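Line order of the protein sequences matches chains A and B.
Count the first sequence with numbering that gives the first Met the number 0 and you get residues 0 to 510, in order.
Count the second sequence with numbering that gives the first Met the number 0 and you get residues 0 to 500, in order.
Keep in mind the hints are simulated off the structure, nothing from the lab.
Treat each hint with caution, since some may be false.
Straight-line C-alpha distance at most 20 angstroms; calculated EDC-like pairs for lysine to aspartate or glutamate [claimed, not checked]: (1) A:LYS182 <-> B:ASP119; (2) B:LYS183 <-> A:GLU458; (3) A:LYS204 <-> B:GLU138; (4) B:LYS74 <-> B:GLU138; (5) B:LYS180 <-> A:ASP97; (6) A:LYS202 <-> B:GLU220; (7) A:LYS284 <-> A:GLU256.
Pulled from the structure, derived: some chain B residues nowhere near chain A, Cβ distances all over 10 angstroms [unchecked claim]: (8) GLN94; (9) VAL310; (10) ASP395.
Please read these numbers as outputs of a predicted model, since none were measured by experiment.
Built from N, CA and C at the ideal position, the CB exists for glycine as well.
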Amino acid sequence: MSFPSILFARPEVFINDQQLGEADFFADLNLDQIIAAVTAGRDEYNLKPFFYFPLNSTDEIEYRHEVMQDLESATLFEQVKSFTQKMRTMREHLVQADALGHKYQEKAWYLDAGEIYCDAVNCFADYLAYEALKSRGFLAFRKYLANYVQSDGFTLLLAETKKIKADLAAAKYCVFLTGDGFKVRKYESESDYSTDVEETFKKFKQGAVKDYRIEFPWWPQMNHIEVKILDFVARLYPETFSNLDSYRANNGNFVDEAISAFDREIQFYIAFLDHMAPLKRAGLKFCYPRVANDSKEVYDYDGYDLALAHKLIGEGSSIVCNDFHLRDGERVIVVTGPNQGGKTTFTRTFAQLHYLAVIGCPVPGKEARLFLFDKLFTHFGREEDVKNQRGKLEDDLFRINGILGQATSNSIIVMNEIFTSTTLQDAMFLSKKVMEKITEFDSLCVWVTFIDELAFFGEQTVSMVSTVVPENPAQRTFKIVRRPAEGRSYAISIAEQFRLTYESLKERIQS
Amino acid sequence: MKAFLMHKDQDFDLERELPPNEQALTQDLALPILFEAMALDDQFLLEMARKAVLSSLSDPDSILYRQNILKDCLKNPSIVRDIYNLVVESIENRQKQWWATRYPSTIMFSAVEALKMFVDQLRKLRTFADQHADKFDSEGFAKFFTMLVAELDDEYFTRIEEYLRELKLPRGVLMSAELGKGNKAVNFVLHKARDEKQSWLGRIFGRQSPVYSYRISPRDEIGARVMSDLRDRGLNLVANVVAQSTDHILSFFQMLRTELAFYVGCLNLHEQLIQKGAPACFPVPAGPTERKRSFYGLYDVCLALSVTQKVVGNDMNADQNDLVIITGANQGGKSTFLRSIGQAQLMMQAGMFVPAESFSTGVCNGIFTHFRREEDATMKSGKLAEELSRMNDIADNIRQNSILLFNEAFASTYERDGSEIARQITMALVEKGIRVFFVTHLYEFAHGLFDSKMRNAIFLRAERRPDGTRTFRLIDGEPLPTSYGEDLYQRILPDVSAMPT
Chain A
0 MSFPSILFAR PEVFINDQQL GEADFFADLN LDQIIAAVTA GRDEYNLKPF
50 FYFPLNSTDE IEYRHEVMQD LESATLFEQV KSFTQKMRTM REHLVQADAL
100 GHKYQEKAWY LDAGEIYCDA VNCFADYLAY EALKSRGFLA FRKYLANYVQ
150 SDGFTLLLAE TKKIKADLAA AKYCVFLTGD GFKVRKYESE SDYSTDVEET
200 FKKFKQGAVK DYRIEFPWWP QMNHIEVKIL DFVARLYPET FSNLDSYRAN
250 NGNFVDEAIS AFDREIQFYI AFLDHMAPLK RAGLKFCYPR VANDSKEVYD
300 YDGYDLALAH KLIGEGSSIV CNDFHLRDGE RVIVVTGPNQ GGKTTFTRTF
350 AQLHYLAVIG CPVPGKEARL FLFDKLFTHF GREEDVKNQR GKLEDDLFRI
400 NGILGQATSN SIIVMNEIFT STTLQDAMFL SKKVMEKITE FDSLCVWVTF
450 IDELAFFGEQ TVSMVSTVVP ENPAQRTFKI VRRPAEGRSY AISIAEQFRL
500 TYESLKERIQ S
Chain B
0 MKAFLMHKDQ DFDLERELPP NEQALTQDLA LPILFEAMAL DDQFLLEMAR
50 KAVLSSLSDP DSILYRQNIL KDCLKNPSIV RDIYNLVVES IENRQKQWWA
100 TRYPSTIMFS AVEALKMFVD QLRKLRTFAD QHADKFDSEG FAKFFTMLVA
150 ELDDEYFTRI EEYLRELKLP RGVLMSAELG KGNKAVNFVL HKARDEKQSW
200 LGRIFGRQSP VYSYRISPRD EIGARVMSDL RDRGLNLVAN VVAQSTDHIL
250 SFFQMLRTEL AFYVGCLNLH EQLIQKGAPA CFPVPAGPTE RKRSFYGLYD
300 VCLALSVTQK VVGNDMNADQ NDLVIITGAN QGGKSTFLRS IGQAQLMMQA
350 GMFVPAESFS TGVCNGIFTH FRREEDATMK SGKLAEELSR MNDIADNIRQ
400 NSILLFNEAF ASTYERDGSE IARQITMALV EKGIRVFFVT HLYEFAHGLF
450 DSKMRNAIFL RAERRPDGTR TFRLIDGEPL PTSYGEDLYQ RILPDVSAMP
500 T
């Protein structure tokens, strides 16, 4: 029996790891940062190819949503983590075994690797058997694992491992230090000295005290005295040590291939969920978007830039969430408003959400519907580049031409302050031309611009504005809204704000 | 072994959280002066005074428990101070002897030395109990001395001496071990090696179980180092237990210090008040729901400690009153009165004597203060917003049967707005069973309450003689539209004000 893949409903859709890399728009959207942060510390699993591979069917996306939703059960998640952690430890043991010189040492490490593997597989199979799983991926893996633990190969490995471990644990011995050497014999139930002392002074105890035990440094190698003692112990327990001797030869290469693949692929989900966790704790929302390829109605509520959120929450600050909703024939969001008001972030969010959606991940926001696009194009102007104005404008046009040449009605186009290196009149003219093209394609687009006229281009365009605090226009809210908000405050209303009026106060005070 | 001098059945918890408003309380009631009088430059006494005064007891029984112990202390001040000094000396001795090391054999040596010192000090402590127990009447001290005599008997001391000899390991080191990771030795445990030599021989000749031995060559320096490392591993657990035992005894002395320090602080304070001829009495605490408040000669203890002349006390008989509105002349003793109310309440609920001729009131759930503050230097919020924000914090924490002392709150806006805010807040508080003392110049607020003839409100006014002099006493009186600021104006700027307008 075989197990396909926890990442793909049809594993054959996945094309060779080696071909995949970052798409052009990664840097503009800070997706490179997101993926680096998500996969950090997991190099051994080589996860990036999975993040570079957009899925092209709603069924494949659904397959991942199912697995991810199963993993949102805290217990399953912990169990999977514990399983993969054990697999990692097991691999470390195999490496260590081969690095040691002494035969009883090497074999003890190999035996431990076997023990850890058996334990990892057994615990996980036991746990999965009773877990309420829903995803196709986990259901298939559970079935596979249940069969595997019943197999002869595995049961034999387990029995032999257990016996030798138990025998070694029972091999207790005594060392008596004499002036010029030592003697070794079996342990004969002598009493522990420290308990007596402890008992006598216990009465003074007021609470926990410092632990004075010294952590002795530990390394896997042994010195000649330790080797001598171990050899004596092997002579005291000859049968145990001869069993240990033959264990490795009896059990070469015990790791199952499908289990090993699962161990790698499941990291895709774990990595993303781990990345989500601190943001969720900070009150940010994630949701499973409805991803459609037959309707261009898209929306997201309480969305945010995942890269920025990761940075800000890490620094202990908070992030402002934003909504968008394109209905019916609306296709293009034109974002205008004061500088540093969160326009670029809003734009990135829009595109990031779509990319995350097509790799089957949850997206920032409390509810989302997104479009299964064929291609994603970004054009972010780089305003610092003032040296070569003519070159810059040309470059802009060249790149836009490239985009318009490849885009289809199923593409997403993101424009961020283009045509800044020319006069307003020129920019307006060029922008309108480009806008005509885009609306003709009927592509989804977000466009940040200072040209207010673009916001009133037509029925397909929707105007959104970055806002400021009304009383203090210097202060940004980082809210991007379809229409600006208002607010005002007076002397006694301050008391209301603090909930210190008669009614609120009576409500507040505990009895 | 517990002393239970601060509470009947539990230790005083130094780590216990103080009320969230402790900073405001300390500042507004001028408590640092009180704490310093109790501490006399001793850091530990200072901390203890602060913690004990700020973490109030909540029922009359536990207050009386401390009062009785404190009465014993006032009767036997030098014995109490001697015990305290012995305790402090023990703690300091150990700090001098102790050194940090990474070798269990050294830890063990150092710990055994410390144990010897402690045993001597414990003997002395026991002698105090033998000699002076009969001079103390309180339940707390009786239990304390009985505990010392019972736990530290002669047989116990004999047993300790024996351990101190054995812990020098005169017969060598015997330890057991198990096979750990990679078959390296783990779980070293030291065993008594009493007759190890004989039984080794016995085993070699008499038994099946073999013994293997190894001699280290005299030139094998690494081997010798490994052996001494092995010895340290073997001693690790026992050294830990012995060192922890000295920690236990240390913690016992530290606990004693904590339990006694508050009373030493009270002794210090009492001596200073006596010197100044300022009265102190043990208050009569009533239950939290009894709406009692009567006192005679209540004065601001911190003011008394910081000036040479005698301070004026106030009398009050305000049982059944939940709201006290204080108005009247500037510099007429209103803030002082407000502080003395807060101080006496805190001191009573710490089990102390209070600065008055007599004093009786119910225990409260918490004391809160809302005093005027300096303008916020960070310019973050306006003055009114700052005041309301502090009120907001108070509202989060205050409960029924708490006391709230307002000193000129909500004055930093138009009189009408300030009065309205003050009225709404005050009414809500009083209806929620909170006792409110409000010093105010907001005439509309004060007089509005006066006109409403609330049965549970009382109105005090700082006394001003017709010639403008202040008596610093508060008398019953209707709020007036003036606080006689002009008096001050005339006193401070007489020439200007004398000029014809």
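I'd like to know which numbered hints this structure contradicts. Please list them from smallest to largest. 1, 2, 3, 6, 7, 10
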